[in-house]
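Engineer: Here's the letter readout for the chains.
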Amino acid sequence: MNPAVTTEATAVSSRAVDVTKIFGEGDNAVRALDRVSVEFASGEFTGIMGPSGSGKSTLLHCLAGLDRITSGQVFLGDVEISACNEKRLTLIRRDRIGFVFQAYNLVPTLTALENITLPLALAGRKPEKGWLDTIVDTMGLRDRLSHRPSELSGGQQQRVAVARALVSRPAVIFADEPTGNLDSRSGAEILGFMRRAVDDLGQTVVMVTHDPGAAGQSDRVVFLGDGRIVDEMRSPTPDAILDRMKQLSE
Amino acid sequence: MLRLTVKSFLAHKVRFLLTAVAVILGVAFMSGTMVLSDTLKRTFDDLFANVFEGTDAYVRSTNVIDTPFGESRGRIPRSALATVEGVPGVEAASPDIQFFAQPVGDDGKAIGGQGPPSLGFNWTDSPELNTFRIVAGHPPRRDGEIVIDKGSADDGHIEVGDRITVLTQQAPKRYLVAGIARFGDADSPGGATITMFTTAEAARISGAGDELDGISVAAEPGVTQEEIRTRVARALPRHGFEVITGRDLTEENQNQVEEGLSFFNRALLIFAGVALLVGCFVIFNSFSIVVAQRSREMALLRAIGATGRQVTRSVLGESALVGLVASTIGLGAGVLLALALKSLLAAFGIDLPAAGVVVTTGTVVSALVVGTVVTVVSAVFPARRAAKVPPVAMMRAVAVEKPTRFRRRSVIGAGLILVGAALLAFGLFTDVDNRIAYVGVGALAVFFGVAVLGPILVRPASRILGAPMARFSGISGVLARENALRSPRRTAATSAALMIGVALVGFITIFAASTKDSIAVALKEAMRADFVIQPKGAFGGGPQTGFSPELAHDVAALPEVRTATGIRIGVADVDGSGQFLLALDPRRSDAVFDLDVKSGDFAALSPDGIAVSEKVADDHGWRVGSPIRLRTPERGTRTVRVEAVFGRGQQAGFTDYMISLAGFERSFANQLDAQVYILLAPGVSNEAGRRAIEKVVEAYPNAELKNQAEFRRSQEAQINQLVNLVYALLALAVIVALIGIANTLALSIHERTRELGLLRAVGMSRRQLRSSIRWESVIIALFGTALGLAVGIMFGWAVVRALRDQGITQFAIPPAQIVVIVVVAALAGVAAAHFPARRAAKLDVLQAVSSE
Ligand SMILES: Nc1ncnc2c1ncn2[C@@H]1O[C@H](COP(=O)(O)OP(=O)(O)OP(=O)(O)O)[C@@H](O)[C@H]1O
Ligand SMILES: [Mg+2]
Numbered sequence: 001m002n003p004a005v006t007t008e009a010t011a012v013s014s015r016a017v018d019v020t021k022i023f024g025e026g027d028n029a030v031r032a033l034d035r036v037s038v039e040f041a042s043g044e045f046t047g048i049m050g051p052s053g054s055g056k057s058t059l060l061h062c063l064a065g066l067d068r069i070t071s072g073q074v075f076l077g078d079v080e081i082s083a084c085n086e087k088r089l090t091l092i093r094r095d096r097i098g099f100v101f102q103a104y105n106l107v108p109t110l111t112a113l114e115n116i117t118l119p120l121a122l123a124g125r126k127p128e129k130g131w132l133d134t135i136v137d138t139m140g141l142r143d144r145l146s147h148r149p150s151e152l153s154g155g156q157q158q159r160v161a162v163a164r165a166l167v168s169r170p171a172v173i174f175a176d177e178p179t180g181n182l183d184s185r186s187g188a189e190i191l192g193f194m195r196r197a198v199d200d201l202g203q204t205v206v207m208v209t210h211d212p213g214a215a216g217q218s219d220r221v222v223f224l225g226d227g228r229i230v231d232e233m234r235s236p237t238p239d240a241i242l243d244r245m246k247q248l249s250e
Numbered sequence: 001m002l003r004l005t006v007k008s009f010l011a012h013k014v015r016f017l018l019t020a021v022a023v024i025l026g027v028a029f030m031s032g033t034m035v036l037s038d039t040l041k042r043t044f045d046d047l048f049a050n051v052f053e054g055t056d057a058y059v060r061s062t063n064v065i066d067t068p069f070g071e072s073r074g075r076i077p078r079s080a081l082a083t084v085e086g087v088p089g090v091e092a093a094s095p096d097i098q099f100f101a102q103p104v105g106d107d108g109k110a111i112g113g114q115g116p117p118s119l120g121f122n123w124t125d126s127p128e129l130n131t132f133r134i135v136a137g138h139p140p141r142r143d144g145e146i147v148i149d150k151g152s153a154d155d156g157h158i159e160v161g162d163r164i165t166v167l168t169q170q171a172p173k174r175y176l177v178a179g180i181a182r183f184g185d186a187d188s189p190g191g192a193t194i195t196m197f198t199t200a201e202a203a204r205i206s207g208a209g210d211e212l213d214g215i216s217v218a219a220e221p222g223v224t225q226e227e228i229r230t231r232v233a234r235a236l237p238r239h240g241f242e243v244i245t246g247r248d249l250t251e252e253n254q255n256q257v258e259e260g261l262s263f264f265n266r267a268l269l270i271f272a273g274v275a276l277l278v279g280c281f282v283i284f285n286s287f288s289i290v291v292a293q294r295s296r297e298m299a300l301l302r303a304i305g306a307t308g309r310q311v312t313r314s315v316l317g318e319s320a321l322v323g324l325v326a327s328t329i330g331l332g333a334g335v336l337l338a339l340a341l342k343s344l345l346a347a348f349g350i351d352l353p354a355a356g357v358v359v360t361t362g363t364v365v366s367a368l369v370v371g372t373v374v375t376v377v378s379a380v381f382p383a384r385r386a387a388k389v390p391p392v393a394m395m396r397a398v399a400v401e402k403p404t405r406f407r408r409r410s411v412i413g414a415g416l417i418l419v420g421a422a423l424l425a426f427g428l429f430t431d432v433d434n435r436i437a438y439v440g441v442g443a444l445a446v447f448f449g450v451a452v453l454g455p456i457l458v459r460p461a462s463r464i465l466g467a468p469m470a471r472f473s474g475i476s477g478v479l480a481r482e483n484a485l486r487s488p489r490r491t492a493a494t495s496a497a498l499m500i501g502v503a504l505v506g507f508i509t510i511f512a513a514s515t516k517d518s519i520a521v522a523l524k525e526a527m528r529a530d531f532v533i534q535p536k537g538a539f540g541g542g543p544q545t546g547f548s549p550e551l552a553h554d555v556a557a558l559p560e561v562r563t564a565t566g567i568r569i570g571v572a573d574v575d576g577s578g579q580f581l582l583a584l585d586p587r588r589s590d591a592v593f594d595l596d597v598k599s600g601d602f603a604a605l606s607p608d609g610i611a612v613s614e615k616v617a618d619d620h621g622w623r624v625g626s627p628i629r630l631r632t633p634e635r636g637t638r639t640v641r642v643e644a645v646f647g648r649g650q651q652a653g654f655t656d657y658m659i660s661l662a663g664f665e666r667s668f669a670n671q672l673d674a675q676v677y678i679l680l681a682p683g684v685s686n687e688a689g690r691r692a693i694e695k696v697v698e699a700y701p702n703a704e705l706k707n708q709a710e711f712r713r714s715q716e717a718q719i720n721q722l723v724n725l726v727y728a729l730l731a732l733a734v735i736v737a738l739i740g741i742a743n744t745l746a747l748s749i750h751e752r753t754r755e756l757g758l759l760r761a762v763g764m765s766r767r768q769l770r771s772s773i774r775w776e777s778v779i780i781a782l783f784g785t786a787l788g789l790a791v792g793i794m795f796g797w798a799v800v801r802a803l804r805d806q807g808i809t810q811f812a813i814p815p816a817q818i819v820v821i822v823v824v825a826a827l828a829g830v831a832a833a834h835f836p837a838r839r840a841a842k843l844d845v846l847q848a849v850s851s852e
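Heads up: the protein sequence lines correspond to chains A and B, in order.
Here this note's numbering is used: position 35 in the first sequence is 35, and no number is missing along the way.
Here this note's numbering is used: position 491 in the second sequence is 491, and no number is missing along the way.
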C-alpha cells in the first residue's frame with residue numbers, strides 16, 4: 001500500500017457514536033439501529049454487509065445526514081452533523097459528502113457532464129479543470145459527457161453517479177448497493193473505479209453491498225445484524241466473507 | 001367498471017378538486033350572470049307592473065323613431081285630453097309629460113346622474129294613475145312647488161320646506177319642496193331621480209306647450225282594458241294617435257328592459273364562455289397528465305382483460321363525475337356571486353327592492369349541463385389516449401411522452417390559424433349577417449391553431465426564455481428550462497390556457513390605445529375650441545342628461561368669449577336607417593370646429609337642410625341639393641336637401657349627419673345641450689377665460705368646464721374605465737389559467753418526486769429547489785404571454801383596420817402597457833408556483849429518493 005495513504009488513514013472521516021435509530025412509535029416501533037458505534041478512516045474503502053433489514057441503509061443515511069437519528073452522535077470529520085439544522089446539512093451534503101444510490105442516481109434532464117458537476121453548480125462553483133478531467137478519465141466517460149442519462153447504459157449511469165460523488169472532493173463517499181442493479185461485468189467495473197478512487201485519488205468510500213465478491217474489494221468489512229455491529233474483518237477475501245455471512249445467518 | 005371509476009375518483013379527490021376549480025369558476029361566473037340578470041328582470045317586471053297597475057289604456061303619438069341606439073317618440077296635442085275624458089267608461093285621464101330634471105342637493109352638488117336617469121314628471125292627480133305616495137308634505141299646488149322621490153331627498157339631505165335648485169332645459173330655477181314621495185314600496189323607482197311639478201310648470205319646462213307625451217287612462221270598474229282602448233281610439237282622430245292597453249304598455253316596458261338586460265347578460269356570458277374555454281385547456285391538460293401518470297394502472301387493467309373502450313369509458317366517467325360535482329359547486333358559488341353583486345348594485349344607489357335572487361330551472365340546468373359537458377369534452381382526447389396504453393406498458397418504468405409529430409402539428413396548426421384568420425377577416429371586413437359569430441369562431445380557430453402549434457414552439461421559446469435564468473440563477477435556472485422542455489405538450493397546453501386570456505387583454509389594450517390615439521388626432525385636426533363644457537360623472541352622466549341652452553347663451557354673452565355653441569344629439573331615420581343627428585349653430589361652428597367643408601355653405605345651413613360627410617355622400621351618391629328622406633319624432637317624414645358636404649365625418653372621429661339647432665328644435669321634443677364648445681376672444685388668456693366661464697358654469701352643478709387637454713383626458717378616462725371593466729372580467733380567465741399552471745406544476749412535481757429527492761440528497765437547498773420550480777412556472781407563463789400577445793396584436797390590428805370607417809384611424813401598440821402585461825404575467829407565474837414549490841421543498845429527502 002502507498003505509504004502516504006497509510007498515514008492519512010489514521011485520520012477519521014466519518015464516525016457514529018452510540019447511534020440508535022427507531023422508526024415509528026409504540027407497538028409499531030422498529031429499532032433499525034441499536035447503539036451503533038463505528039469509525040471510518042480517511043483513505044479507506046469500507047464495505048458494510050449484513051442480512052436484509054439489518055439496518056445497513058439506515059446507517060448509511062444517518063452517516064450521510066439524510067436521516068435524523070433517535071439518539072447518539074454522528075460526526076463528519078470534526079463536525080457533529082447530528083446537531084446540524086437542515087440548512088447546514090444540505091450544505092454539508094453538497095460540499096463534503098458524495099452519495100451513490102442503487103438506481104435513479106441522475107437527473108434525467110441534465111447531460112452526463114451536468115450531472116457530474118451538479119453539486120458544484122448547486123454551490124455556484126466552477127469545476128477545477130484538472131480534477132474534473134482526472135475523474136472523467138478515470139471513470140472512462142470522456143466520450144459520453146454530452147449524453148443524457150436515457151442514452152447511457154446502466155453501468156455508464158452508475159459511473160456518472162460515482163463521478164458526481166467524487167467531483168467536490170468530499171470527505172467521504174457513501175454508496176448503497178451501487179452495483180445491485182448491474183450485471184457482473186459492469187458491477188466489477190464500478191468496483192474497480194471505486195477502488196481507484198481510494199487508491200489513486202485518496203478518497204474515502206463506505207459501501208453497502210450484498211455481494212461478497214464486491215466486499216472483497218474493500219480494505220475492511222463491517223457486519224451488521226439486527227441493528228448492531230456484530231463483527232468486522234480487515235483485508236477480507238470473498239471466501240472469508242461468505243463464511244462469516246453463513247455463520248451470521250445461522 | 002363504474003365502481004372502479006368512483007373509487008378512482010375518490011382516491012384522487014384532491015387532484016380532481018384542483019382540476020374542478022377550473023370548471024367551478026367558469027360555471028360560477030355563468031350562473032351568477034344568469035341569476036343576476038333574472039333577478040334584475042324580475043325586479044323591473046315588478047316595477048313596471050306596479051307603475052302601470054292602475055293604467056287601463058295609454059294614448060300616445062304614432063310617430064316613433066326606433067333605432068338600435070334607442071327610441072324617441074313624438075308628442076300629441078293637449079286637446080286630445082278633453083276628448084279622452086269625455087269617452088264613456090273613462091274614470092280618469094291624466095296628461096303625461098316627461099323631461100330631464102335634476103335637483104341640486106344642500107351641498108350644491110347635483111343629485112344622481114350616475115347611471116339611473118334624472119327625470120321630471122308632472123304630478124298626477126288621479127290616485128289610480130299615480131304610483132307615487134306622498135310621505136311628507138303635499139303635492140305641488142303652485143308652479144313654484146315640487147315633490148321629489150324619497151331616495152333623492154335622502155341623498156341630497158332635502159326636507160319639506162327647503163328651497164332647492166332644479167336643473168332642466170330651462171334656466172336653473174329654485175323651487176319649494178312641497179312634498180316627498182315614495183314609489184310603491186321603494187324610495188325611488190330603481191334608483192332614478194324623480195322631480196314632479198305641476199302640469200302647467202311641466203309643460204313650460206319641457207317646451208311641450210300645448211302638447212303632451214301621452215295620456216294615461218283609468219277605466220270605470222267593469223270596463224275591460226280592451227274595451228276602453230277601443231272606445232278611446234274610436235273617439236280620437238284616425239291619424240297620429242295610438243292607443244294601447246295598460247297590459248301592453250307594461251309588457252312593452254318590460255320587454256325594453258329585458259332587451260337591455262339581455263345585452264348585458266350576453267356580454268357577461270361571453271366572458272364566462274372565455275373562462276370556460278380556458279377551463280377546457282386546463283381540464284384537458286390535467287386529464288392528460290393524470291392518464292400518463294396512471295399508464296401503469298391502465299396497462300394493468302388492459303392486461304387483466306379490460307377492453308380499450310372500457311378504459312376510455314372509465315376515464316370519461318371520471319370526468320363526468322368531476323364535471324357534475326364542479327358544476328354543482330359552481331352553481332352554488334354563482335348564486336352567492338349574484339347576491340354579492342346585488343348588494344354591490346344597491347351600494348351604488350341602484351335600489352333593488354325584491355328580496356333574494358331568482359334562480360330559474362333554466363339556470364340550474366344550463367349550469368350543470370354546460371359544466372359537465374365542458375369537462376367531459378375536454379377529457380375525450382386524454383381518455384382515448386388512455387385506451388391506447390398497451391398492456392406491456394405495465395412493465396415499463398415511466399410513461400414517456402411520444403415524440404411530437406412535427407409535420408402533422410405544423411400543418412394542422414397553421415391550417416387552423418389560416419381558417420380562423422379568414423373567418424375573422426370575413427366577419428370584420430364584409431357585410432355578412434352575424435358578423436360577431438364569424439369573428440368569434442375565427443378567434444376560436446386561431447386559439448386552437450396556436451395551441452396545436454404550441455408543442456413545436458416550446459423548444460425554441462424555452463431556450464430563449466430560459467437563457468437569462470440559466471445565466472443568472474445558475475443550476476436552478478437550467479433545471480427550470482430543462483423541465484419546461486421535458487414535456488412540450490404539457491407545457492404548451494398549460495401555456496395555451498394563459499394565451500387566451502392574455503390575447504384578449506392584449507387586444508383590448510391595443511384597441512384602447514388605438515382609440516385614444518385616434519381621438520387625440522381627431523381633436524387635434526378638428527377642434528378649434530379652447531374649452532368644452534361637459535356633463536359630470538361617469539360616461540358623461542348618462543344619456544338623458546345635458547344642460548339648458550341658457551348655459552351656452554350665457555357663456556356666449558361673456559366679453560371674454562368670442563363664440564360658444566351647444567351641440568345636441570338625437571336619433572332620426574335618415575334615408576331608411578337609424579342614425580345619430582348632431583345639431584349645432586351653423587354660423588358658429590366654423591369657429592369651434594374645423595369641419596373641412598368640401599362643398600355647399602355650411603354656415604347657411606337652414607332648418608330644413610342637412611349636412612353630410614363626404615364618406616356617406618359618396619356612398620349614397622349625394623351632392624349639394626340632393627333630397628334625403630328624414631324622419632324625426634316631431635315632424636314625421638319629410639324631404640330635406642343636402643346643403644353642405646364636409647370632410648370630417650365619423651371616419652375622422654366626428655359625425656356623418658349634422659343639422660342646425662333650429663332644425664333640431666323643430667324635430668325633437670327635448671332640447672338639451674349635450675356639450676358646449678367655446679372659443680375665447682382674441683387676446684384673452686386661458687386663465688382669464690376660464691375664470692369668467694367658471695362663474696357662469698357654477699350655476700349648473702352638473703356641468704364641468706374643460707380645456708382641450710382636459711377634454712381629451714376625460715375622453716381617455718372614459719375609455720380607460722371601460723377597459724378596466726373588461727380587464728376585470730378577463731381576470732377570471734387569467735386566474736383559471738394560473739390555476740392550470742399551478743395544477744400542472746403540482747402534478748409534474750408529483751411525478752418527479754424521486755428526482756427532487758435526489759437533488760436534495762446531493763445538496764440542493766430548499767430555496768434552490770423552490771426557485772427552480774418558480775422559474776419553470778415563469779417560463780410557462782411567459783411562453784403563454786408571448787403567444788397571447790402575438791395573437792392579441794393580430795386581433796387588435798384586424799379590428800382597428802375594420803373600424804377605420806368608424807373613426808379608429810390610428811393603430812398603436814403601447815410599449816409601456818405591453819411591458820406591464822409581461823411583468824404581471826411573470827409575477828403571476830411566480831405566484832402560481834407558490835404552493836407547488838413549497839410542497840416540493842417540503843418533501844422528505846429519503847422518502848422521495850426511495851419513492852416508486
Ligand atoms: N422509513 C421507515 N419506516 C419504518 N421502518 C423502516 C423505515 N426504513 C427502514 N425501516 C426498517 O428498519 C429496518 C432496517 O432497514 P434498512 O433499510 O436499513 O435495512 P437494510 O439492511 O438496508 O436492508 P436491505 O438489505 O434489504 O436493503 C428494517 O426492519 C426496516 O423495515
Ligand atoms: Mg438497504
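Simulated from the structure, these hints should not be mistaken for laboratory data.
Mixed in with the good hints there might be a few duds.
[To be verified] Part of the chain B face toward chain A, derived, beta carbon under 7 angstroms:
{"hint": "1", "residue": "169"}
{"hint": "2", "residue": "474"}
{"hint": "3", "residue": "475"}
{"hint": "4", "residue": "482"}
{"hint": "5", "residue": "486"}
{"hint": "6", "residue": "719"}
{"hint": "7", "residue": "723"}
{"hint": "8", "residue": "726"}
{"hint": "9", "residue": "754"}
{"hint": "10", "residue": "755"}
{"hint": "11", "residue": "763"}
{"hint": "12", "residue": "846"}
{"hint": "13", "residue": "848"}
Quick caveat, the model's predicted, so the values are computed rather than measured.
C-beta atoms are modelled at their ideal positions from N, C-alpha and C, and glycine is treated no differently.
Engineer: Looking back at the hints listed earlier, which ones does the structure fail to meet?
Structural biologist: 1, 6, 7, 8, 13
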